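Peer 1: Protein sequence lines, in the order shown, are assigned to chains C and Z. Using my numbering, read the first sequence as starting at 1 and increasing by one per residue. Using my numbering, read the second sequence as starting at 645 and increasing by one per residue.
Everything labelled a hint here was simulated from the structure, so no lab data went into it. Keep in mind it's a predicted model, so treat the numbers as computed, not measured. We put the CB at the ideal spot given by N, CA and C, even for glycine. Some hints could be false.
A few chain C residues that face chain Z, going by a derived Cβ cut-off under 7 Å, partial list only [unchecked claim]:
| id | residue |
| --- | --- |
| 1 | 138 |
| 2 | 139 |
| 3 | 165 |
| 4 | 318 |
| 5 | 320 |
| 6 | 328 |
| 7 | 329 |
Chain C stretches covered by chain Z per the calculated footprint, using a threshold of three residues with CB under 8 Å from any CB of chain Z [what the hints assert, rightly or not]:
| id | region |
| --- | --- |
| 8 | 171-180 |
| 9 | 594-603 |
Beyond 12 Å from chain Z on every Cβ pair, some chain C residues (computed) [as the list claims (entries may be wrong)]:
| id | residue |
| --- | --- |
| 10 | 130 |
| 11 | 166 |
| 12 | 267 |
| 13 | 322 |
| 14 | 464 |
There are 2 protein chains.
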Amino acid sequence: MATHKVTLLPADQTVEVPTGSLVAEAIQRAGLEIAQPCGGQGRCGRCAVFVQGEGARRRSTIRLSADDLTSGFALACQTVVEGDLVVTIPEQERIERRLVTDKTARAIELPFPYDPANQGIRAFRLYLAEPSLQDNRDDQARLELALAAVGYPQVEVPLDLVRRMGQVLRECEWSPWVVLETPPPGRPHAAARLIDLAQDPIEPVAVAIDIGTTTVSAYLVDLASGEVLGSSAEYNGQIQFGEDVISRIIYAARNGGLTELSRRVLGTLEEVLARLHKRTGIDPQRIYKATVAGNTTMLHLLLGLPPGTIRLAPYIPTVNLPAPVRAHEIGLGIHPLATVDCLPGVASYVGSDITAGVLACGLSETEELTLFIDVGTNGEIVLGTRDWQVACACSAGPAFEGAGVVHGMRATEGAIEEVWVHTRTYEPTWRVVGNVAPRGLCGSGLISLLAELFVTGVIDRGGNVKLDLDTPRVRQGEHGPEYVVAWASETSTGKDLVLTKVDVDNLLRAKAAIYAGFSVLAGSVGVRLEDVQQVLVGGSFGKYINVEKAIQIGLLPDLPWERFKFLGNTAILGTYYALLSHSERERLQHIARSMTYLELSADNTFYDAFTAALFLPHTEIVRFPSVASIWEGEAGKPSPRQAG
Amino acid sequence: MATHKVTLLPADQTVEVPTGSLVAEAIQRAGLEIAQPCGGQGRCGRCAVFVQGEGARRRSTIRLSADDLTSGFALACQTVVEGDLVVTIPEQERIERRLVTDKTARAIELPFPYDPANQGIRAFRLYLAEPSLQDNRDDQARLELALAAVGYPQVEVPLDLVRRMGQVLRECEWSPWVVLETPPPGRPHAAARLIDLAQDPIEPVAVAIDIGTTTVSAYLVDLASGEVLGSSAEYNGQIQFGEDVISRIIYAARNGGLTELSRRVLGTLEEVLARLHKRTGIDPQRIYKATVAGNTTMLHLLLGLPPGTIRLAPYIPTVNLPAPVRAHEIGLGIHPLATVDCLPGVASYVGSDITAGVLACGLSETEELTLFIDVGTNGEIVLGTRDWQVACACSAGPAFEGAGVVHGMRATEGAIEEVWVHTRTYEPTWRVVGNVAPRGLCGSGLISLLAELFVTGVIDRGGNVKLDLDTPRVRQGEHGPEYVVAWASETSTGKDLVLTKVDVDNLLRAKAAIYAGFSVLAGSVGVRLEDVQQVLVGGSFGKYINVEKAIQIGLLPDLPWERFKFLGNTAILGTYYALLSHSERERLQHIARSMTYLELSADNTFYDAFTAALFLPHTEIVRFPSVASIWEGEAGKPSPRQAG
């Protein structure tokens, strides 16, 4: 049998292997290590290597993108040696980072050139005429004259600033720094508004906020460059009063409930801003504008609007297009006169997190039939093109945000974000955010784990843990059957990290609601799911989602992988765009006004679709041909797809 | 000697008297009574009778107007019988009321026809489409649509109302009453503003407020009819922190001083409004607009603006033309979303009490050279015509408002408003507001008393009480020399009611400041006082002022009486006009912007003029020919003018 030389870099060792050997075998023969957490099934992508030479035949390229392949990457466990090769084994960490970055994570960048003049906050110095007995005009007239001279003939001055004006103007010797909010272009009759007046130079910043039912996120934005100076997220402090919007609405109807919920989310925002303050050195008092997205209930609670009517037919919110308010009116801990611009939503269950998401994902600008899914606590779904959009919402629950799951957590340090389970031993391997000992599972980790447990047969299609498997990983736990992801000795908590049957049920309900949502939505406009040209996935954890695994559990429709794009938190991204650009803000307004809303609770087909989707991947497995192929083997014991 | 028949009505007695007898003597001969509190000097006008027949020769007609004379009135003590006469003696009370009404008091009426559409507050019922699953627009969109349908396409809705909207709209079954503030005509791009939203019908009222340094006055105004539903006044609760604006400004600079002063005036307004509530049954929460006049310092304190710079050269206020604020922003106890429109002033010492006064008195519309004097705590003076106006202010102090005088009080029940002192006995007679036992002296009473004491020789030209007179009325009191106006047995307080030397000095300083003010003002524009065609006197007590007596003490220039008009509180009158009419409000703005301000403290001639005016009536008595004529007799003992 012919042999071939395989040179391994950076170790610079060369081994001879017979034709047909796997690259992974060549590496092992050289005494080098390469991780194969999935047991060499080609499912985890962790054995990706860089291959030079003609003698490599890739049997499977799961987990590698077209770009990866073009660049020369191959999976060591799925690539056969048929000639001489030079194989570079990347640092394990480098692979991870590359995969994460390329496939999912992106730097926060604007899709348009930033023009400070196309947003509403200006800071500059004014030069006023000094008063005398001959020129005894009052302070405010003097200030207004100076503002008119630089192009602002109409400026509203809030009473608080009138109160401070006399002292500031004299302390700065009639050359104050001012912060002005200017109206959007095309409104020549609208007045500008003075937000601040100070002796010292002011470098205004702004904040883009996404208030999710589970997670509150914020970008601190430099208004000079448009850059994100820092971002932070925290669980919404309202969670203890209910995990989903319905329980919050019910709590808000209690005596003092609304006030308490408002207070909580403001407290969460305070924490987030304090953390950004610590990290960037920027005092929240320097924040002169907040643009806020959130589902309709979250914005009602932020603004102190009773949300009760959202819950009851005909599901009418107080307002979908809230007028801007001042920070002090709602008690938001930024500059008290800062404008808080709550972005426009569509209906009670399609809020501005979705309209901002649509803005960010580009659905409203494309000719392609696009499905946009925001996998938050509420799964909201938009289907359409630049010419039309329909939207619906399905109460997915917070499982994918790490809440409602025993060891769920947000995607912060210590969160398992991807898991591989060995096909034969059922032993897991994981990747942890921050590369530390694991503390819990974030949304992408949960999807990954659920899929791995399913395809390795640890759980069945109904989500039941198979306790008869020959591994200590499955056991009857305190809360019923469970799978141990990490032993106490491996975790940062000192306790076993598990996924319970109850967790699995919660995850199944969440994914079923989302799947039912987009299938009913497609049906309502007579579109087949397979005609969807792109699927854009948002949501705070969507950035790290693994499409293969999301399809395996039936969360996403079974379409070719290249049609999926994972965009992360599109709500805050769109909010960031709207904050920095009058025209993006107007586009968002247009999206909110023109989108058609489908009320699922008024649609009988939804409940049937939901029930059918409660299985893995779905009751009708024909809807998931790629997953069905795994099931060609013995029932309950899948044979890995495309295994050589 | 010929005799004549004098028939006296309503007693219907006839007496025969010799030619040359006084009517007063005929009355006494018939055994009837007629009051002659001034001792028959023709000074008090209290013996006015109605005379029919040709045989009456009026020697003096002091205290009678041209109208009075035409109607047939004559002074019994100054009218000689030269033929048969029929004399009707009016009820004493009727005379008083008639005199007060004709000469001074007027019903509060608008000088223009009231058009509810020419002011900014509207209340009406709206009919909204009820929501359904098919029409799931949000509450606010529904409300805005209904407003647009009745002509208000742009309406700002304050957050407080958005917060209550859901409940109200459902309680009223989608037919709410709304209160709207609409922009003035000629501002088509300005938005209207929603002020209230309720299930029950709303009849909006408004309030016109004059914040004087000493007295705070308010008119409660029905916005349907434009009528004044009630008026009330109270001492400004800030008085205990200083009687004039300067001491208030100094107090405001203390730690917490500004807050305390704001709180005080708001407390006073609360009292005034509570009294109006009690009297009219109208809850202050139904007040949807407040239009406020006041001197610049008072408005700074109301708005919470530090007034410190008003006091120091170059005397610059924070603002002369304050933007409207919402009642809740300053803590004014009316509807929290009501607009508080603080009227525009001219300079630190010529505030909107004066611009409103100029509006009310008609100076800005007349071709006649007009002197407008507002005799409040600060004597403010405007000279001009419709083409030009100059203004100045002189710190008169609060003496004429009853403060700074031991037994001073406002012109409420129990206040002596006019006094006559008998030429020979020095016994006083008085008229008391409400016709009850006296409690104190109001401004007009003080002027009257000062003049009487002067012309009867109880005090000398320097204001010293002549203790050597043969009457128990003059005495050395606890605080120096004093004159007893009423004995303890006659007063409602059970104590002697006195005017002390210190009181006299305060009154002299007040009148000297005012006289110096208008003489310097006239000089500054090269106008002679005697060319002034009308003198319009405002001020809260100006309605009851006695021109003869005001000239006698040198408070007013010695001009023919018919040139004087006493207009009362012109500040609140102009405020009332501006409240009810967009065009009056605009006229007032124009007055404020076009008036020229003369800073007396930058004018060296003022102090000299003030010092010269500290005498009765003035150091240069030649300036007061009519008073000089009284002094033709022996020095220190005036001979009454025109006595027969």
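Peer 1: Confirm or reject each hint.
Peer 2: These are the hints, each one checked on the structure:
1. 138: 5 Å, holds
2. 139: Holds - the Cβ of residue 139(C) comes within 7 Å of chain Z, reaching about 5 Å at its closest.
3. 165: Holds - the Cβ of residue 165(C) comes within 7 Å of chain Z, reaching about 6 Å at its closest.
4. 318: Holds, about 5 Å.
5. 320: It holds, given that the least Cβ distance between residue 320(C) and chain Z is near 5 Å, below 7 Å.
6. 328: 11 Å, violated
7. 329: OK, holds: residue 329(C) within 7 Å of chain Z, min 5 Å.
8. 171-180: Since 0 is below three, the answer is violated.
9. 594-603: holds (count 3)
10. 130: 9 Å, violated
11. 166: 5 Å, violated
12. 267: 20 Å, holds
13. 322: The claim is violated: residue 322(C) sits with its nearest Cβ about 7 Å from chain Z, within 12 Å.
14. 464: 39 Å, holds
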